[in-house]
Amino acid sequence: MHPILKLVVQRIALGLILLLAVSLVIFLGTEALPGDTAQAILGQSATPEALANLREKLGLTLPAHVRYINWLWAALHGDLGVALTNGVDIAQAIGQRLGNTLFLAGCAAAISVPLAIGLGLVAARYQGRWPDKVISGVTLTTISLPEFVAAYFVIYLLTQVFPLFQPVAMVFPGMGFWEKLQAVALPVIVLVMVVLAHMMRMTRAAILNVMQSAYIETAELKGLSPMQVIWRHALPNAIAPIVSVVILNLAYLVVGVVVVEVVFGYNALGQYLVDHVTKRDLPVVQAVGLIFAGVYIGLNILADVISIIANPRLRHPK
Amino acid sequence: MRLPFSAILGIFLTSSFLFLAVFAQLLAPYPIDSAVGGVWEAPSATHWLGTDTIGRDIFSRLIYGGQITIFVALASSILAFSTGAFFGFMAAVKGGWVDQIMSRFVDLVMAIPSLIVALVILSVLPLNLTVLILVIGLLDSTRVFRLSRAVAMDIAVMDYVEAAKLRGEKQTWVIFREILPNALSPLVAEFGLRFIFAVLFISTLSFLGLGIQPPLADWGGMVKENKDGLIYGKSAALMPALAIAALAISVNLVADWVLSRTTSLKGGRGA
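Those sequence lines, one after another, are chains A and B. Per the working numbering, the first sequence starts with residue 1, numbered consecutively. Per the working numbering, the second sequence starts with residue 319, numbered consecutively.
It should be emphasised that the hints constitute simulated quantities derived from the structure, not laboratory data. Idealized CB from N, CA, C, for every residue including glycine. Please note: incorrect hints may appear among the correct ones.
Pairwise CB distance ranges, derived in the manner of DEER restraints [stated by the list, open to error]: (1) A:S213 with B:L445: 31 to 41 angstroms; (2) B:R320 with A:A214: 35 to 45 angstroms; (3) B:K412 with A:L16: 44 to 54 angstroms.
Partner residues are not named here, just some residues of chain A that face chain B (Cβ under 7 angstroms, in silico) [claimed, not checked]: (4) Q10; (5) L14; (6) I26; (7) T30; (8) Y126; (9) F148; (10) I155; (11) L157; (12) V161; (13) R280; (14) F292.
Full structure from sequences and hints, please.
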């Protein structure tokens, strides 16, 4: 087998094992903690008989490992059970919201990735001069803000000081693409702010690292302009670390999305999760938690696979 | 050695925040939980930062809120450090299967975003200060574990550690008397970063309504309470948001300075 293929397969297999272990943690971790679902539904004042009845009905009397296997088996077949609080089918409820979340995260990614790489290139080109200092300074401040703080600064600035946008982001099933895009403008700006800094800094660092190589000096000496040197010679060689940091930040969007959705009242997966944590609706929390963890792990695997493929030493083995 | 300006600013701001937090009860002009003015009053001489969604003095609540935020963050970062560093050193000293089990477990926890883990856990546990400190501290300890394991790995192969082992010193001696003093400087800078992480974490949880519960106040919760005012142009929600940002940035400045000092002492990027 080609060594790259072998490495990639290994990495994916490792990721799947990790995902299985995570599902075990999410399920058994919540089971092992004190308090159970029946108690959560009925409250502290429930009679022991009512509790026992409900436990029987929910299948809580079965041993934990049996319930885990049942849960996982059903989840793999697309059956995530029903929400405790309102009896709605979880898979159905998630289906609608997952689309909204992906739309939001997708827009943020589509803007932030090219922007971060572009700014990183500019900062690297003018290293130590004012464009670099401005870009680095601004990104350094945004990097130390939590998402919701950044969100309220943006809301205040763009709805009050400069009234350009509406402070809520509502999307309805029947909305056109452009309307939707307009509705998510503010949350997308916030998400871009949150992930931009790290991506841009890593791009700058990766380019500057490559710029010290001998072939860059050759390119400079043969008279290429600085931007050409970066674009034609430095960027292709820095692509592996850049791609992997870009994907890791997209994985970070998974978390950012939860908070930003709550800030803007955007009806999607993160809001759904937070709502049901408050209501202590365990089946929903487990299902959504597993999805978020799955996306996060999946993107991490992707980052590793791309950096394996982008490594020329592995691509052309001796 | 001269202190850079950013470090002076960071140290000054950080210590002012700490001072306000420690003496909150003496310094706050109004009580934490009683309406003392109209709803969403603009800043004035009587209410320096205005009043909030039910007419409480924002400046006083900021001071009290800072006390809770900083207390929770400090307690959980101390917890994160003591458990993380202890197990990290132990993994490095013992090696073998002890190291394997602990490292793989940490990998597993770190494979899921901390916020998601915390949300899953908090859907089952009661929301009180102890639980919050435990959850944040233990989640954060995984990062400390990795760092201190890496640092201790470098130290564990030094001659003086070898000598201590050959003298027949116990494992706890090796950890606390040989490794800990030498691992301290990279860990100190890390403490600042972990403290910020804890501040942001508890604020985010409170903002989501899953952190500090009323009648206690903290900065994240204050943003949540006052966020509706923003639509009507009331800036009440921005004050606690600014406080969070200012605390995070000032601790960052101090940590950066400590980091640059420790790394220059080691002649390279420290651990």
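Hint check results:
At about 54 angstroms, the CB distance of S213 of chain A to L445 of chain B disagrees with the hint of 31 to 41 angstroms. In this structure the hint that R320 of chain B and A214 of chain A lie 35 to 45 angstroms apart at CB holds, the actual value being about 38 angstroms. Taking the beta carbon of each, K412 of chain B and L16 of chain A are about 30 angstroms apart, not inside 44 to 54 angstroms as hinted. Interface restraint check: Q10 of chain A against chain B, minimum CB-CB distance 16 angstroms, threshold 7 angstroms, status violated.
Annotation: interface hint on L14 of chain A violated; nearest CB of chain B at approximately 10 angstroms, more than 7 angstroms. With 7 angstroms as the threshold, the beta carbon of I26 of chain A comes within range of chain B, its nearest partner Cβ sitting at about 6 angstroms, so the hint holds. Hint on T30 of chain A holds. Least Cβ distance to chain B is approximately 5 angstroms, under the 7 angstroms limit. Look at Y126 of chain A: its Cβ only gets to about 22 angstroms from chain B, farther than 7 angstroms, so that hint breaks.
Because the closest C-beta pair between F148 of chain A and chain B is about 5 angstroms apart, less than 7 angstroms, the hint holds. A cut of 7 angstroms between beta carbons decides the hint on I155 of chain A: the least distance to chain B is about 6 angstroms, and the hint holds. For L157 of chain A, the interface hint is violated, the least distance from its beta-carbon to any beta-carbon of chain B being 10 angstroms, above 7 angstroms. For V161 of chain A, the interface hint is violated, the least distance from its beta-carbon to any beta-carbon of chain B being 9 angstroms, above 7 angstroms.
The interface hint given for R280 of chain A is met, as the beta carbon of that residue sits about 5 angstroms from the closest beta carbon of chain B, less than 7 angstroms. Because the smallest distance between the Cβ of F292 of chain A and any Cβ of chain B comes to about 5 angstroms, under 7 angstroms, the interface hint for this residue holds.
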